[in-house]
Amino acid sequence: MKGVTWGEQVKWADRVGRSRRRAAGWLARLWQEMKKHRVSYYFMAPYLVLFFVFTVIPVITAIYLSFTYFNVLEPPRWIGWSNYRLLFLEDDVFLIALKNTLVFAVIAGPIGYIASFMLAWLINQLRFRAAYTLAFYVPSITSGIAMAVVWMYFFSSDRLGLINYVLINLGIINEPVLWLHDKDTILPVIIIVSLWMSMGAGFLAFVAGLKNVPEELYEAGRVDGIRNKLEEMWLITVPLMKPQLLFGAVMAVVSSFQVFGVAMQLAGFPSPLYAGHTILTHLHDYAFIRYEMGYASAISVVLFAITFGLSRIFMRIFSTHGDY
Amino acid sequence: MVAQRRENQHYRRRNMRPNRPRRLKWGRVMLYVFVTALAAFMAMPLIYLISSAFKPIEELFVFPPRFFVRHPTTRNFVELLLAVSGSSVPFSRFAFNSIFVSSVTVLGSVILSSMAAYPLAKHRFPGKDLIFLGIVSALMFAPEVTQIPRYLVVNRLGLIDTYGALIIPNLAGALGLFLTKQFLEQIPGVLLEAARVDGASEWTIFTRVIMPIIKPACATVAMLVFVAAWNDTFSPLVFTRSEAMKTLPLAVQTIAGGPGVVARTGAVMAATFVLTMPTIIVFLLLQRLVLETMVHSGIKA
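For the protein sequence lines, the chains are A and B, in the order given.
With our numbering applied, the first sequence covers 1 to 324.
With our numbering applied, the second sequence covers 1 to 301.
Honestly, the hints are just simulated from the structure, not real lab data.
Source: prediction; values computed, not measured.
Warning: the hint list may mix true and false statements.
[Unchecked claim] Distance ranges between label pairs, derived from CB positions:
id: 1; chain 1: B; residue 1: ILE99; chain 2: A; residue 2: ALA130; range: 44 to 54 angstroms
id: 2; chain 1: A; residue 1: GLU216; chain 2: B; residue 2: HIS71; range: 18 to 28 angstroms
id: 3; chain 1: A; residue 1: ARG38; chain 2: B; residue 2: TYR163; range: 24 to 34 angstroms
id: 4; chain 1: B; residue 1: ALA200; chain 2: A; residue 2: TYR84; range: 47 to 57 angstroms
id: 5; chain 1: A; residue 1: ARG85; chain 2: B; residue 2: ALA40; range: 48 to 58 angstroms
id: 6; chain 1: A; residue 1: VAL16; chain 2: B; residue 2: ARG241; range: 51 to 61 angstroms
id: 7; chain 1: A; residue 1: LEU102; chain 2: B; residue 2: ALA40; range: 27 to 37 angstroms
[As the list claims (entries may be wrong)] Straight-line distance between alpha carbons at most 25 angstroms, and here's what the computed BS3-like set of lysine-lysine pairs gives:
id: 8; chain 1: A; residue 1: LYS35; chain 2: B; residue 2: LYS122
id: 9; chain 1: A; residue 1: LYS242; chain 2: B; residue 2: LYS122
id: 10; chain 1: A; residue 1: LYS242; chain 2: B; residue 2: LYS300
id: 11; chain 1: B; residue 1: LYS128; chain 2: A; residue 2: LYS242
id: 12; chain 1: A; residue 1: LYS211; chain 2: B; residue 2: LYS300
id: 13; chain 1: A; residue 1: LYS36; chain 2: B; residue 2: LYS300
Built from N, CA and C at the ideal position, the CB exists for glycine as well.
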């Protein structure tokens, strides 16, 4: 406190004291507020407890564990970044899994998303909307394991397989294609099957949202010189649907990185030359087969970072701030 | 009404150019054909599944492969019940596990998310925005990310190989609360104020006013949670050890015997049928309410 006058010191002390008092006062007031609204917390408590135990704390724990060596039997041992170093620099299988997942997400994600919106948009102009909605939505709620039985038959590698049979009869191919055994066709098959299942909650949100766009807006648009349906969609529907589009985008991002069950069922585990290996397959392998929980946590943190980051980007794109 | 009719007349007049109505009609027909064809194409795997579940064994193995069933029979279902009852755990046990776990998860989720959604949508209290931010954030990553700590928690709680392990971790899903809250938010607060003036307690307001209003949202949560729980392979795979605790998806996998096994094809087809139909039926029953809820599903960022 050299070179500071007594008066200044007093002023400082006073200011510190005041801000402390203010902080204490703020806390006290917060506590008062919380007590006043305790009923609200009672209502939320059961959900929040479970949400904390099974979602919030696990995210934090996963991040912590990713910096440790942990095999469940011994307590976790802090090893810094080495799981991540191993993951990106030495684990070739992870890089294959990452590549497969990214290829899958880059193709299946946008196609599924755009198709969901376009189909919802088309359905919205037709009668029998409920029937069409049902037809397109139902695949997404079928069990991946159950349908695998069907896909196995469709993509069977011999002449008995439906697709081989049709293609041979049409003269497109001469020999049956080994759909689920050839490393070049495994991923495309997984993508096709996932696309079949991609009209999920996002699609429903689009169908419901489109129905709710007031007809007068379209009328007004026509008066204002909107010439065709596409222009109408781009200038009126899309801006109004931003919140639903964001919801759909978030759902699409999450589900395109979630590819696991279908891949494991169709391609087997491990798949030929890891052609159907995805981030989640790799995660499952290390977590519940090898019990290398620290390493597996690092894999899950990478997945978390990718999906969360992408979702945040979509939040920017579909921001409605300053729209209205 | 009158205003609307006038609008329509105006619209019609604008489109009265000579060839416009005709072309528009053709476009419509093409659109119907296209969308219907696409729907039929997408329905093919399901139609095949349904048709195959009723195929007698000869028809399952004919060459050339036949898509539709000729002589439908329920033999496959009988075989399913018999074939698996030879092993230690009968098929009915798997079915019971699935039904029990899914129903309890649905019931619990609907109650928990309705209760949590009420204050989140209609009260003002400290921490509200933070909690909602947490819920929205939880929508943004696959729940698989948290599977390792989840496993550790379930293990620590001693729930491994119990129904609790299959139910409790799935009760507090983010999507259900999110949709219920969004739905409730657009309900005007006047009703609640009226009830409050009448001296109703918050609990009475919740059960008497809120619950009837959010029925569509509850139906939606029920549908989504049911689908997730019914199709869940992760929980039984990781949280259970004994055969008797497995649910249908894993049972089907066991019966199918993994890729390339042709034995018991009839039973497998019957099992996949049993596994697939309930989710479709549930959606069919709740579709109208679900779409009513989905109108409010948007995320305002």
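Unsatisfied constraints (hint numbers, rising)
Per hint list: 1, 2, 13 violated.
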